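Could you put together the complete structure from these sequences and hints?
4 protein chains.
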Amino acid sequence: MKEIGIGMIGYKFMGKAHSHAYKDLNMFFPDAPVPKMNVICGRNEEGVRQAQRQFGWDNYATDWRQLLDRDDIDLIDINAPSDAHKEIALAAAASKKHLFCEKPLALSLADAREMLDAAEKHGVKHMVGFNYRFAPAVQLAKKLVDEGRLGKIYHFRAWFLQDWILDPSFPLVWRLQKEVAGSGSHGDLGAHIIDLAHFLIGDMTEVIGMNETFVKERPIPSAMTGLSAKSSDSSAKGPVTVDDATLFMSRFACGALGSFEATRFAAGHRCTNSFEINGSKGSVKFDFERMNELQVYFTDDAEDVQGFRRVVATDPAHAYMDAWWPAGHTIGYEHTFIHEVLELMHALEEDRQPVPNFADGVKCQQVLEAVDLSIAERRWVSVNEL
Amino acid sequence: MKEIGIGMIGYKFMGKAHSHAYKDLNMFFPDAPVPKMNVICGRNEEGVRQAQRQFGWDNYATDWRQLLDRDDIDLIDINAPSDAHKEIALAAAASKKHLFCEKPLALSLADAREMLDAAEKHGVKHMVGFNYRFAPAVQLAKKLVDEGRLGKIYHFRAWFLQDWILDPSFPLVWRLQKEVAGSGSHGDLGAHIIDLAHFLIGDMTEVIGMNETFVKERPIPSAMTGLSAKSSDSSAKGPVTVDDATLFMSRFACGALGSFEATRFAAGHRCTNSFEINGSKGSVKFDFERMNELQVYFTDDAEDVQGFRRVVATDPAHAYMDAWWPAGHTIGYEHTFIHEVLELMHALEEDRQPVPNFADGVKCQQVLEAVDLSIAERRWVSVNEL
Amino acid sequence: MKEIGIGMIGYKFMGKAHSHAYKDLNMFFPDAPVPKMNVICGRNEEGVRQAQRQFGWDNYATDWRQLLDRDDIDLIDINAPSDAHKEIALAAAASKKHLFCEKPLALSLADAREMLDAAEKHGVKHMVGFNYRFAPAVQLAKKLVDEGRLGKIYHFRAWFLQDWILDPSFPLVWRLQKEVAGSGSHGDLGAHIIDLAHFLIGDMTEVIGMNETFVKERPIPSAMTGLSAKSSDSSAKGPVTVDDATLFMSRFACGALGSFEATRFAAGHRCTNSFEINGSKGSVKFDFERMNELQVYFTDDAEDVQGFRRVVATDPAHAYMDAWWPAGHTIGYEHTFIHEVLELMHALEEDRQPVPNFADGVKCQQVLEAVDLSIAERRWVSVNEL
Amino acid sequence: MKEIGIGMIGYKFMGKAHSHAYKDLNMFFPDAPVPKMNVICGRNEEGVRQAQRQFGWDNYATDWRQLLDRDDIDLIDINAPSDAHKEIALAAAASKKHLFCEKPLALSLADAREMLDAAEKHGVKHMVGFNYRFAPAVQLAKKLVDEGRLGKIYHFRAWFLQDWILDPSFPLVWRLQKEVAGSGSHGDLGAHIIDLAHFLIGDMTEVIGMNETFVKERPIPSAMTGLSAKSSDSSAKGPVTVDDATLFMSRFACGALGSFEATRFAAGHRCTNSFEINGSKGSVKFDFERMNELQVYFTDDAEDVQGFRRVVATDPAHAYMDAWWPAGHTIGYEHTFIHEVLELMHALEEDRQPVPNFADGVKCQQVLEAVDLSIAERRWVSVNEL
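Residue numbers (full-length UniProt numbering), protein chains in the order written: chain A, 1 to 386; chain B, 1 to 386; chain C, 1 to 386; chain D, 1 to 386.
Calculated directly from the structure, the hints in this document are not laboratory data.
Just so it is clear, the structure is predicted and the values come from calculations on it, not from any experiment.
Take the hints with a grain of salt, since some may be wrong.
Unchecked claim - Far from chain D, some chain B residues (derived; all Cβ distances over 10 Å):
#1 E114
#2 A266
#3 V362
As the list claims (entries may be wrong) - Per label pair, the in silico range of CB-to-CB distance:
#4 B:D72 / A:D300: 50 to 60 Å
#5 D:A94 / B:T241: 56 to 66 Å
#6 D:P168 / B:E114: 44 to 54 Å
#7 C:S95 / A:E303: 45 to 55 Å
#8 C:E349 / B:D31: 58 to 68 Å
#9 D:S382 / B:G255: 27 to 37 Å
#10 A:V355 / C:K237: 40 to 50 Å
#11 A:E303 / C:G238: 47 to 57 Å
#12 A:R65 / C:N384: 56 to 66 Å
#13 C:G238 / B:D72: 54 to 64 Å
#14 D:E303 / B:D146: 41 to 51 Å
Every residue, glycine too, gets a C-beta built ideally from N, C-alpha and C.
This is the structure we're talking about:
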């Protein structure tokens, strides 16, 4: 069985999700190459040591450059904060390491392109972490589109709604600072639904957006961990420099009309990552809070029993599910990462590019920036302008 | 256009629902015979006069016997309290009036049978008010069963859940008194789901039940109106003499297993009249709180898109719906009565028995009493024992 | 009891809905003034005679001008095709008749304003037929917003999805011809959700839209009736001159971001008229296909039981519902018109303007045209430009 | 950190679920004692060797008796077929090994009691595998009951619906043979909902049931694996000796009425493990196919916003969830086992009995047999009779 040596940079939310995926992969997909959890890397030694033990890595490091010289590392997994992605990726590619980078690929389209170019130049494989593609219900949607079972696509609408910063006293964590996060809801949540649109129905040609920062100042936190942070009542305040919400409309190359909304101000929505596709022969609806389900409608059902079907995508007929539990036994968020890593391992074994890869990351970044430009200039922007 | 002269006895909840049905029928079903709203009858003159004006009847009466002598009355509509049904029906049949009686047909099986016998002896038409049959989504369920599209039926489960007497301070209204109401949840709610079972999958052969009166004493109301009543804090209390909840299991002649529950103690359920049928080729689910919808599942759907379809039964392909609004424009509770009256008018025009008729009322009463007997004697009771 | 003499022009879909509302109003709202169904008017004598009998009007006419001279007519109800609204309204106002006009008020903003001006000049009352406001669940949403129970509003998103012209062989009915209908999905469906936005959270300041006609030619029908029409296979084709779908984004005066979509190409959606409002203290969601329900979320619910509540708005605590049936017994589409007419009758009795009135119709038209302008000029348009 | 040496007997469906739980436990619950995956045992050497490697065990064995002598084994995990439970448990207890046994504890109540007695006599800890208790949404239901937030409980209804043997050509696997499985739907599915009832609202006092085997003969399979098996068309047939469906009613010590149904003949239901509890102050509803959700209703909500709340039990306020992902990121079936093992490890560390333990297994078996007796004798059976 082929083994792939992994060096992972970052050990917080995504670091945990990736580690778990490596750890569990071969128990459920025994024929996949084995990801060897060699080195986990983080700047804070205490933190990374604890993560090493807890997540099951063989070694840890505090300087990511150390990983590039090791022969036992074939792949660099980059899930450090977004502002560090580019430097690491360029160096790793130069060291002939394959790349697995969390989204957003970079803080700018230019950087993303530079990363893609570097990966191509050095002939390494590259993957970007759009994990939601790997929910079996999303795979089913893709299959229905690809097989023509929804016909010609007219509409794609998607919204990613959260509410974790609704409280104005929630502190100014790094995700609310442009210089670290690059973007707010747009880059964090919007990126996912843009990628799903690309995955499911193809490229967009033009966009126009709007955004807003509803709460313009927030308490500066004394300490930050992951998504959460504490602030005292006496905290000084600092400016929120990213968008709280971004909406945009688009046209797709296939002729469909697109509608997108990403917000962290939708009370009651913890993680509503939803899309709907309407075609000439049918429609599908997905909501990540019920990630095992796809609502499916066909126009050619018998006249008296037409209706959206609630397909619980846990049957053997659904992607990945024969590796898990009997039908009706659902899986969760973390499984999307296992399937993602499965694709990555198989691609490396087969010496092909994994999907989605940096080209998909670039394409997503291109739309993100096209939307930002359309907001800045209050006009429709062709995606090809960028 | 044929006209049918109506004399209606009772003017409360059901009296209003029936009046409305007569009033609206021909606007939406212009080819149906015309129910002439001749006389409405009630014991309280002030009350019945107001109802006459409000509901649109030509005349009123305070003694129901007066209706039997009138030539302009072809049909007696009986929706007075249950303890009055039998006497009226027997007299009306003897006067050669057709009969439309609300459920429960009578306070006992013996009485119900006497009513059926009288109607048959005098050769009059007779209908019983199981209105839920007439929801288009229920009609669709029936159609799917009859056409064999669900295959052999294995399971029928139904529950009618309400919560209007959950509060122990809710007063002792007539529906909680055995001598007037005959029965509690069992006869009021259970009767409906028993009838739906008969309608949808046929006869039961044996039953066993259990029941309970959770709140055994309630304040005696100073005044009662319809379902509601007021009681003062200083009210004396009286015993509740009917069941708050009745459950039973049954076997059907077709081989299916039945499960039934009727309760007024299900917090959060205002009117959850639900059933599910599981067959060898498919299943259906219905909930009256979403009465325009039927959930439908077929085992022969393609492997990757099997799931319950949410059929909104408002298309032209669904019973009655071409008479109403465009697809997707829903109808409500009162429409079940309009469809019921449509069947009644057509049956009278065509000189045939309407369905459901007193035979269905008797059959329902037979099951109700079989269940009561099974509770009293703590044993399985064959429906044919009664 | 006060009586209001009605003359109604138009007798198709809306004519039926209005007639029914007049007919049923006082049965359920006996204290409301009585709408006297005096004259129904239509150009086709056979058709209008049948409607007169079927809907219960005392007289019929084929020339709407005849209605203006009658003393027994206080109110002119205009539900003729949209291109006839203005001429009738101006003449009726000049004749001192009160006005009840279906939406869209007119084919253009200029016309709509002229109608409002005329009504004001002649001192008559005027109402516009935005019936969806009158669903009890929508009224509940309004109440929650007005009482501050949702806090500051951040997001309003709405979509009105239908699928009745999805089939390219569906014929070129009048609703698909700009000169008669004025607009396609935008004016037909979009108008309703724009009005709901105005009703629920107030005015918009700027908009930008996009639209598409997916099927550009359709068979010319041999005969048209209401929404449906027949075409033979050999039918000649004509151009569809209205939009199949229109989307737009907006900003509200209250600071909220808006997202709107109206389409007739959403397979599986017969009549999905939906909106969601997200505020700082809570959210609500509505879907007309389940019109008796409102999903409600409050941020101040106890931490462990936060979630969208499925409120079945049929309790006595909900608008209008004490006039109907016991809790849990749902109502349907046509009831929105009864409540609308209730408002109209009460307003006339109380000598005040009904709500919504022509000013609301103008405001809606203003947004519709602002969106159209934004599409034509591919730019954000301030609503005040128009 | 304390370590617990594990020896596990069985390596199929449950063996995989348990192995995964041991494997993942400390990654998400780093403070829990460490389950050392020492030896996995199965009769088929090839099979168990593969499982050893795939699941991550240090050693394997083919004779379970070998495990009892090992000093590095503190706990015997028994998930072999049900007919082997007793012998292993008795021997293991005698060897002073703690016990973790899958449900059903044994093939008979007598055997189950013997197992409990042995465990108590030898002073070992014992757990039984009722994993569904450990879904966070189920834990929330338990919390609401225990804190009195649902008030006095009136109704408990539960159904466990599957459809995997609906096809009559599905072969005669071991789960359909009484001598191996002990029972059909009743022991397999019914056992789970009986245990949930015990967990949530306490003991039952009397029961009456009914059951059926709809398909009485099935093809004898050539080979069996887990839940699935293949049969050729020419297969000989053998008798199905267990129930396809079992229903029963019950009374609870707390005064509630119970209704239970377990079936493998409910088309469209892959794994609908559902319950509803109605109390004087509120209700809850659960469906395992949406295992992250609990529907919750409170009678003391404001009058105009009463409704079932869809609580997505993934907030930090919900049991276990602070160990997983951010709010709204759901978990799946396998997580119930991780939580179960967490309880087991903590109990061993704290030198207390885990919950649920063999006493719960006995209690469940007692109800199962009481139901079977009630079916055999067609009468109500007091649980204490057994």
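Do the hints match the structure? See the list:
1. E114: holds, 32 Å
2. A266: violated, 4 Å
3. V362: holds, 25 Å
4. B:D72 / A:D300: 50 to 60 Å: Cβ of D72 (chain B) to Cβ of D300 (chain A): about 53 Å, so the range 50 to 60 Å holds.
5. D:A94 / B:T241: 56 to 66 Å: Hint holds: Cβ distance 59 Å, inside 56 to 66 Å.
6. D:P168 / B:E114: 44 to 54 Å: Holds, since P168 (chain D) and E114 (chain B) (Cβ atoms, about 46 Å apart) stay within the stated range.
7. C:S95 / A:E303: 45 to 55 Å: At 48 Å between Cβs, range holds.
8. C:E349 / B:D31: 58 to 68 Å: Taking Cβ atoms as reference, E349 (chain C) and D31 (chain B) lie about 37 Å apart, which means the hint is violated.
9. D:S382 / B:G255: 27 to 37 Å: Hint holds: Cβ distance 30 Å, inside 27 to 37 Å.
10. A:V355 / C:K237: 40 to 50 Å: holds, 42 Å
11. A:E303 / C:G238: 47 to 57 Å: violated, 28 Å
12. A:R65 / C:N384: 56 to 66 Å: Since R65 (chain A) and N384 (chain C) have Cβ atoms about 58 Å apart, the given range 56 to 66 Å holds.
13. C:G238 / B:D72: 54 to 64 Å: With Cβ atoms ~55 Å apart, the hint holds.
14. D:E303 / B:D146: 41 to 51 Å: Once the Cβ atoms are compared, 43 Å apart, the range 41 to 51 Å for D146 (chain B) and E303 (chain D) holds.
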